[in-house]
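Asker: Since the structure of chain W is provided, determine the placement of chain E on it from the hints.
Protein sequence lines correspond, in order, to chains W and E.
Following my numbering, the numbering of the first sequence begins with 452 at its first residue and continues without gaps.
Following my numbering, the numbering of the second sequence begins with 49 at its first residue and continues without gaps.
Don't take each hint at face value.
[Claimed, not checked] Straight-line C-alpha distance at most 25 Å; calculated SDA-like pairs for lysine to any residue:
hint, chain 1, residue 1, chain 2, residue 2
1, W, Lys550, E, Pro256
2, E, Lys241, W, Phe781
3, W, Lys550, E, His206
4, W, Lys554, E, Ala216
5, E, Lys289, W, Leu722
[As the list claims (entries may be wrong)] The following label-pair restraints were derived from C-beta to C-beta distances:
hint, chain 1, residue 1, chain 2, residue 2, range
6, W, Lys793, E, Lys241, 28 to 38 Å
7, W, Glu653, E, Asp104, 51 to 61 Å
8, W, Lys629, E, Lys241, 51 to 61 Å
9, W, Arg744, E, Asn158, 25 to 35 Å
10, W, Lys648, E, Glu209, 16 to 26 Å
11, W, Phe644, E, Lys241, 14 to 24 Å
12, E, Glu258, W, Gln654, 46 to 56 Å
13, W, Glu653, E, Lys234, 46 to 56 Å
Quick caveat, the hints were computed from the structure, so don't treat them as lab data.
Even glycine gets a Cβ: it sits at the ideal position worked out from N, Cα and C.
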Amino acid sequence: MGINLTPKELERELRDRSHESESLIQSLFNCDRRHFLRVSARFAAMAAAAGAIQPHAFQLVDVAYAAATPDATPELAFRFAYVSDSHLYSRGMNHRFAKAALKAVEDVNALDPQPDFVLFGGDLAQLGRPEELEFGRQILSGLKPPVKMMVGEHDWYFDLGEKWREMFGADRYSFDHKGIHFIVLNSVVEDDFWTAKGYTPEQRMAIVAGLDDGRQSRFTVGEEQRDWLRKDLAKVPKNMPLIVFSHSPLYKYYRPWNFWTDDAEQVQALLFPFKTVTVVHGHTHQLLTNRIRNITFHGMLSTAWPWPYAPQGLPPLTLQMERADPFDQFDACGDGSVDVLKSGSVNANYNLWDRNPRTVTYAEVIKGLKGGGPSY
Amino acid sequence: MTPLRMLRVAVVLVVTAVVSLAVVRTAGFLGAQRSARAPISGETEGWASRTVWACDHRKAVVVEGVRADEKLPPQKAQEVAGLLSDLMRFCNEEVVARISSQEEITLSVNGLPFVDYIQGGELPVELVHGKVQHTDRDRAIWKAELDREIGEGNRLFHSDELGTNGLACAMCHPDASNTHPETYPKFQTQLKKVALLRDMVNWCIQNPLEGKVLPEDDPRMKALEAYILVKRTGTTLEPGKH
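So that you can see chain E by itself, here it is in the shape it has in the complex:
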């Protein structure tokens, strides 16, 4: 027997036992579970409903048309138990299911809006990215792309190729220190105008490095900004100092 199957059986047993013992009135096992959680929308707003939690505390079924203090009819209880054990397939998600008075089932996955659900079907997640769930491979690609952008910024920041006199940004700004990207935009007194980080980057390229300013949409500028911002994320802010 697979662990998943064992879990399903366990859930069915727990829910069936609890429901059939009619401990649902006030202080029973499920009631205690529920009181520790915030009421789920619809439960207390004039609609009669009662909520049954699964033992993993991540799945719940809201039964509409049944008051919170009302005993679930045995058929309904079976239905709730069946639905909860079905939802246990989605171990990593937080799922709230609703069974309407018309017996329609809708699900909210991880706080997303309720959508229709057919028991035993796929997890109905409304994903914006072409309704495809992100895979580890996706995440690896995105990280690689991000690292490449930051890495290019890192390389440029330490390279003499932006200037003409051998100097590099990192000579005065090891680990991008003293760049203070968080302080922009600001009125840069020496420039006598409001400056963005890229304006100061360009100033440094033009003056200490004696190089040619970069167009603002230059990929090199973006890479430099990416490096500086990432490198300085999480450093202590010192208001008034910079």
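Just chain W, with the same shape it has in the complex:
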């Protein structure tokens, strides 16, 4: 090893040596992760040149992401990434939500090694307009890995999924990947609240788009889809791990905001017979962890905006994110990846922009995460 310096000593050392280092140090205080990597590489080179420290000491950057690298996780089978809840308007690439979605695309493309696929977790569009969905597809087309699409209520209630299905195919499907049976559901099926009231498609969409708009119905998977699920699962051995994607949480968290699936118990009942089940869901725009019997639930981050935790019903397993800083568009937003372990259970990696990344491991979930630690 080279000379051991604390970060403070190193900072002082480098500041003494050049003006350039000072601006570099300054830039460290307000940089994003990618920028940080770039800056730290230059830093390492400078430090090495100054003889202060050996370059490999800077691999602390890798250490910070150790949990996310396959080498450091021997039980890792494979990884998929996710981008979710982008809520795009068709207002050009300079719109804040477009920028955020593009940021997520860049994140995913920068993952090394590349994930096996990317899940898009629903709510690609904000108001379900065909042009919004087209715009979203244009942004997602920048993703290098294959993309698995899931539908959200913002994609659906303008034309009841017509355009979405035309573009992306079935709204519920299943596939096997490396020994895991994956299921993608449409969990945002609402009872018809619009016909009797004579709402136009725009009005219907606007009502569903309002999280706190009580005029809408509750989300369900619905009887027809549960039948499909039952038949789909009949072919799957009980010891084959399941990973289910749903837009809304497949449990009951907070009804007034549809942080809720009304027939959650019936869907869970179909999943209980399986040995290892994980549900990855969108919609809630927050770090969210739950476990019901054999089912572990992970909420996905949104690229567009974070939502406050609901006033009731928060699963006790959740380690809450601290309230987002409204002055930072990207705070408490982000994307993420899911490490599928050889056991079939998963570790969920939250790539929180402008905050420390956070991994919720299967081991932690089983142990029962305790709140009161650092919040993210």
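Answerer: Coordinates of chain E only, in the frame set by chain W:
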């Protein structure tokens, strides 16, 4: 016989009977009633007076010039009974009547100051709003007006018309959550100055919504504040968190 008339008769009977039986000295029916209540002003402050309660426990007559332990003269007792039964017309109000040594009657209605009263007359309530009592219709109008203001705030809060990029307040703040109106005024560290709720509302309009700030007396700002304040009333305060 109407219920009101029955009540009046009952009161007269009760009061007359009690007074004529002279159970007024210490432990009798009226005395027991009185001891359960706080003394009425004047009763214990050097002025001789005794108080007689009606059976509804909401009407009382304070007779000045008669000690608390003194028997009421029959004529006075009749007068008290007559006054109490007269006051029973005002079933919903709490009324204290005073009969002064000069036989003047004053009333205090629902804790308001004592004012002159002529037996059998209108309830002498000193109302500030043009001396007119509030009617259900008044209250309905006020509620409708208030609801309209809050409703307009609700509409604006959920509308994209304050901004230019499609965003609305409620997208980040469903049910006005995370607005914390109770925490203002405060030094808003990001703004580097003391802010009121309206300053943050304007900041949100200007930044995430990319709209034009509202003048502080803009009716839209008032409506937004009304909605936020009403929506957050009664929510748990979390000092130190926000």
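Asker: Work down the list of hints and note, for each, if the structure agrees.
Answerer: Now for the hints, and whether the structure bears them out:
Between the alpha carbons of lysine 550 of chain W and proline 256 of chain E the distance comes to roughly 13 Å, so the proposed pair stays at or under 25 Å and holds. Under the criterion of a C-alpha separation no larger than 25 Å, the hint pairing lysine 241 of chain E with phenylalanine 781 of chain W is consistent with the structure, at around 23 Å. For the suggested pair lysine 550 of chain W and histidine 206 of chain E, the alpha carbons sit about 23 Å apart, so the restraint of at most 25 Å is met. About 22 Å separates the Cα atoms of lysine 554 of chain W and alanine 216 of chain E, which keeps this hinted pair within 25 Å; it holds.
Annotation: proposed proximity of lysine 289 of chain E to leucine 722 of chain W is violated, straight-line Cα distance about 39 Å (limit 25 Å). Here the CB-CB span from lysine 793 of chain W to lysine 241 of chain E is close to 55 Å, at odds with the stated 28 to 38 Å. Taking the beta carbon of each, glutamate 653 of chain W and aspartate 104 of chain E are about 59 Å apart, inside 51 to 61 Å as hinted. The hinted range of 51 to 61 Å is satisfied by lysine 629 of chain W and lysine 241 of chain E, whose Cβ atoms lie roughly 56 Å apart.
Judged by the Cβ atoms, the range 25 to 35 Å given for arginine 744 of chain W and asparagine 158 of chain E is violated: they are separated by roughly 60 Å. Between lysine 648 of chain W and glutamate 209 of chain E the CB atoms are about 23 Å apart, so this pair conforms to the stated range of 16 to 26 Å. For phenylalanine 644 of chain W and lysine 241 of chain E, the hinted distance range of 14 to 24 Å is not satisfied, since their beta carbons lie about 45 Å from each other. Between glutamate 258 of chain E and glutamine 654 of chain W the beta carbons are some 25 Å apart, a value that contradicts the proposed interval 46 to 56 Å.
Range check, glutamate 653 of chain W to lysine 234 of chain E: about 39 Å between beta-carbon atoms, so the 46 to 56 Å window is missed.
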